[in-house]
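Letter by letter, the chains look like this.
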Amino acid sequence: MMSNKWIITLYLLPAFLLIAVLIFIPLILSGYYGLMNWDGIGIMQFIGFENYIQALQDMKFWSSALHSFLLAAFSTLSLIVYLAVALILASKIKGTNLLRKIYLIPMLLSSVAIAQLWIKVYNPTNGMLNSILMAIGIENPPEWLADPSIVLFAIFIPIIWQYAGFYILIYYAALKNIPDTVIEAAKIDGATPLQIALKIKLPLIMNVFKVTIVLAVVGSLKYFDLIYVMTGGGPNGASEVMASYMYKLAFSSNDFGYGSAIGFLLLIITLIVTVIIRKVTATKEEIEY
Amino acid sequence: MKAKKAIALLFGAVVAVLLLAGCSGSNDEKTSSSGSDSGDTKTVKFMHLWPEGSSKLHHQIVSDIISDFEEENQDIKIEPEVLSNEQYKDKLKVLSASNELPDVGMTWAAGFLEPYVNGNKFAALDDVIEKDLFVSGTVESYAIDNKTYGLPLELNIATVFYNKEIFNENGLEVPETYEEMQNVIQTLSDNGVAPIALGNKDRWTGSLWYMYFADRIGGSDVLTNAINRTGSFEDPSLVKAAEEVQGLVDMNAFVKGFNGLSDQEAKSMFMNKQAAMYLIATWDLPNYTTNEDVPQEFRDSVGYFNFPTVEGKGDMNSFVGGPGVGLFVSEDSEVKEEAKAFAAYFAKQWGEKSVTEAGVIPATKVDAGALDLPELYVDVLSDLNSASNITLFADVQLSPDVAQVHLNAIQALFGGEVTPEGFAKEHEDALTKEE
Chain A
1 MMSNKWIITL YLLPAFLLIA VLIFIPLILS GYYGLMNWDG IGIMQFIGFE
51 NYIQALQDMK FWSSALHSFL LAAFSTLSLI VYLAVALILA SKIKGTNLLR
101 KIYLIPMLLS SVAIAQLWIK VYNPTNGMLN SILMAIGIEN PPEWLADPSI
151 VLFAIFIPII WQYAGFYILI YYAALKNIPD TVIEAAKIDG ATPLQIALKI
201 KLPLIMNVFK VTIVLAVVGS LKYFDLIYVM TGGGPNGASE VMASYMYKLA
251 FSSNDFGYGS AIGFLLLIIT LIVTVIIRKV TATKEEIEY
Chain B
1 MKAKKAIALL FGAVVAVLLL AGCSGSNDEK TSSSGSDSGD TKTVKFMHLW
51 PEGSSKLHHQ IVSDIISDFE EENQDIKIEP EVLSNEQYKD KLKVLSASNE
101 LPDVGMTWAA GFLEPYVNGN KFAALDDVIE KDLFVSGTVE SYAIDNKTYG
151 LPLELNIATV FYNKEIFNEN GLEVPETYEE MQNVIQTLSD NGVAPIALGN
201 KDRWTGSLWY MYFADRIGGS DVLTNAINRT GSFEDPSLVK AAEEVQGLVD
251 MNAFVKGFNG LSDQEAKSMF MNKQAAMYLI ATWDLPNYTT NEDVPQEFRD
301 SVGYFNFPTV EGKGDMNSFV GGPGVGLFVS EDSEVKEEAK AFAAYFAKQW
351 GEKSVTEAGV IPATKVDAGA LDLPELYVDV LSDLNSASNI TLFADVQLSP
401 DVAQVHLNAI QALFGGEVTP EGFAKEHEDA LTKEE
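First to last, the protein sequences are chains A and B.
First residue of the first sequence: 1, per the working numbering; consecutive thereafter.
First residue of the second sequence: 1, per the working numbering; consecutive thereafter.
Some hints here could point you the wrong way.
[To be verified] Computed cross-link-like contacts, EDC-like style, restricted to lysine to aspartate or glutamate with a CA-CA straight-line distance of at most 16 Å:
| hint | chain 1 | residue 1 | chain 2 | residue 2 |
| --- | --- | --- | --- | --- |
| 1 | B | Lys433 | A | Glu50 |
| 2 | B | Lys77 | B | Asp40 |
| 3 | A | Lys199 | A | Asp189 |
| 4 | B | Lys256 | A | Glu139 |
| 5 | A | Lys60 | B | Glu426 |
No lab work stands behind these hints: they were computed from the structure.
Here the structure is a predicted model, which is why all the values come from computation and not from measurement.
Excised from the complex, chain A in its bound form (with noise of 0.2 Å):
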């Protein structure tokens, strides 16, 4: 059987070469790089950890990922009303069909389009959302995308709604996947709807949880698109975040060396969170029907 294992390996080639030239080799060079000074252009010249240290020292990097972590603790929280929803949609009532696909819809516009979208709602003086405000009686509605103090949720609004579809989705799907039959012994039993959701359904879909809360953690902390093209990470920095902050210097302060750091520094930081959230959440029991 030893020819098997050649074969194996030749099956494997394709998809580890891939894998190692687009996203192994990538993110080593990123490392190496950021021990250089480098504007992308000209010779690189190398200053060992210097990138890194003033990394860490950069008070625009630390207000930039404490932006992310705002996101994530954000998206987090927003998981148990999506859940909640899931669950209303999974119980018999009428309309289930038109509303999934409602909420699906959000996840179909690319992010460009939901960034030109929401800035338009958002536009200070004709924007949807300040008419409405001003026809109730507000005479100075907030300037949504330009006050430093609430920029950052009103971008996080519309990043909650585009995911909404998306968590929904997986939530519904997990709750289909358990039998009738748990469900009906319960009733027998004189469990209310609330019982039988709160302690039926919702242990029985905990190993799903458990993964959409990594998912919306490691997808806030790298989050760049609706940001960027929303604000651009400002008023001067207010809605900055780790990844528009590693594009900025990379790409518009022409300092390739301290971007690749950042984005180095972006990677240790999401696997880190991704472990303790593994480790926290962890559990041996498994599901059997």
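Starting from the known structure of chain A, arrange chain B on it as the hints suggest.
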């Protein structure tokens, strides 16, 4: 079992063949592309940033110039590649890092140019530049250490465009001093009209205001000196300029939420008559003259005035502006002579065609009298001829790194997050660090 093994082996072989084919395919490509250079005709690769979709007129002129050039030089073939602005900037960086720059391409002046010149990527073009052809000051902004690395194509100056209709309705006159301008702003804002459209999400838009105050209060070279380190951003007149900016913000001169609006959004407010004034460079002229997509009635109602004097100081013929894109020739090009010839030809032809056909102002001298142009153009061109000075956009003058500091500081200054003194200090710190 044996059959299974055979099938497995067969599949394995197919995979191996596909892999090899993939590798050798790219080899073939390489040999064929280098082969075309060695033949009778030489191929010059040319990258520009005017796609047919978004800049139709520009694109047409480029195509015309290329075919004219190929007509005159049968042995040279031009191979164009088109990208939109932001993509172009990113791709240029990536290409230069892998030493694959096109033979001829587009660059911006001063700060943008510097890393490429320091990295030995662009060729000096002094042997093909006819300096008399260009408006003075344009060629110079592509020069580093007395060598010129770009052939300028565009030239823009910033002026205040205003809506004559709104001015008439409110009984206002074009201001010639800053005090008059403050009156205009006050009147407009008392009458419930947003005085000035500004999209400061893009940040360079706010920088224009600061630069004009600096120019009028401190003279035409105070900002340039601060940037080239013979002066300082802590110069009292530059601090005063920053104070004036905040003064304008405090009197609600700008549209609501300007720090979150893009320039595009601000422009559409001006064009929808929601704001009376708009400070922008002359690349916007087609919108107010020839662009058929804009209602005639609006185009007729737009006028412009030069930034007024401040407290009796300043020269109204001094402008903020500068060349837009220019052409570079790659230092590592295998067809450098041909590339240079094409670039020089292009710059000259562009100068002749761009005003009449695309409605932009070229960096070459234009004989306005000989052409049939809309009135607004004639005025701008005559202003350009009498310009005493053109200060290059600050974010172009500064190196990319410090330009980012400047632009962020501008947003903070307009947003009232930093004092004028703090604003000056941020610049000083960044420039000192760079030395």
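Against the structure, test the hints numbered earlier, and report the numbers of the ones violated in rising order.
-> none
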